[in-house]
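Our numbering puts the sequence shown at residues 22 to 324.
By construction, these hints were calculated from the structure, which means they are not laboratory data.
Take the hints with a grain of salt, since some may be wrong.
Distance condition first, Cα-Cα at most 27 Å in a straight line; then the derived DSSO-like pairs of lysine-lysine [claimed, not checked]:
1. Lys37 with Lys26
2. Lys37 with Lys25
3. Lys180 with Lys55
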Amino acid sequence: MYTKKAIAKDWRRNWKLYLLMLPVFAFYIIFCYKPMYGIIIAFKDFQPGLGIMQSPWIGFENFIEFFTGNYFTRTLSNTLIISISNLVFGFPAPIILALLINEVVHKSFAKTVQTITYMPHFVSLVVVCGLIRTFVAEDGIINYIITFFGGEASNLLQKPEAFVPIYIISGIWQEIGWGSIIYLAALAGVDQELYEAASIDGAGRLRQTWSITLPSILPTIITLFILRLGQMMNIGFEKIILLYSPMTYETADVISSYTYRVGLQEFRYGYSTAVGLFNSVINFVLIFIANTISRKVNDTSLW
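Construct all of the structure, not just a fragment, from the sequences and the given hints.
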């Protein structure tokens, strides 16, 4: 147990390190915790001229309007479909890439692959969406491949059934290299003597991967999986609004894009805050459940 004397001694020794933490604390306080005061708007008929505290209270009317409205089922189902699809196909992709790179003997080739797969992450999202629109246009390269195999060319972004695959595949392409960094770092910490012992026992590379590599990086995988679940409902509206159109609202309109339209285009601040708060509560419940299950199953958790 720390005493005042021990704390003072630690401060004198490490005060420079603590000062380096101040910008981080300031960032979270200013941009993450202070804005939480605005949650009150969800329970009010917010009028900018009156301010937050002077606007009249309306209780849960904004929530009731959203739950009973025409867009609740559509936005919730679309959010879940895209999130689950992204989790099923997008989460394992960096792990698989990291395992493949780890097996490459020629390190120069491995570094080249890493560099190429990292690059899309640093490209502006606007540029990425512009590339996607060009690729899937009626005269784009994707339709060229489709027509080559006897299909019919069409603007794929105008088809509701094609929006989710385009969103998921493009997301994997953009983030697979960046997401593999932490797994490659975890793989670098695996004891090489385990592989040598397994090789002497006759285990092949596939068996070594299954019995040594994956168990060694399992805590990292579980931690990132829990964090991913906590962001499951937070589909960035930026990419959605850059790719969707009224023709694809049926499958593309998610909670975040709906909140953007209602809040910033229709100026219904209280209603949009209620929708966003509902989304955040669902995320909190998901990450709490995932953390609890993980702690009970394999003693790995965030808290």
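Hint check results:
1. Lys37 with Lys26: holds, 18 Å
2. Lys37 with Lys25: Distance of about 19 Å is within 27 Å: holds.
3. Lys180 with Lys55: Between Lys180 and Lys55 the Cα gap is close to 42 Å, so the pair fails against 27 Å, i.e. violated.
Checked against the numbered hints above, the structure violates only hint 3.
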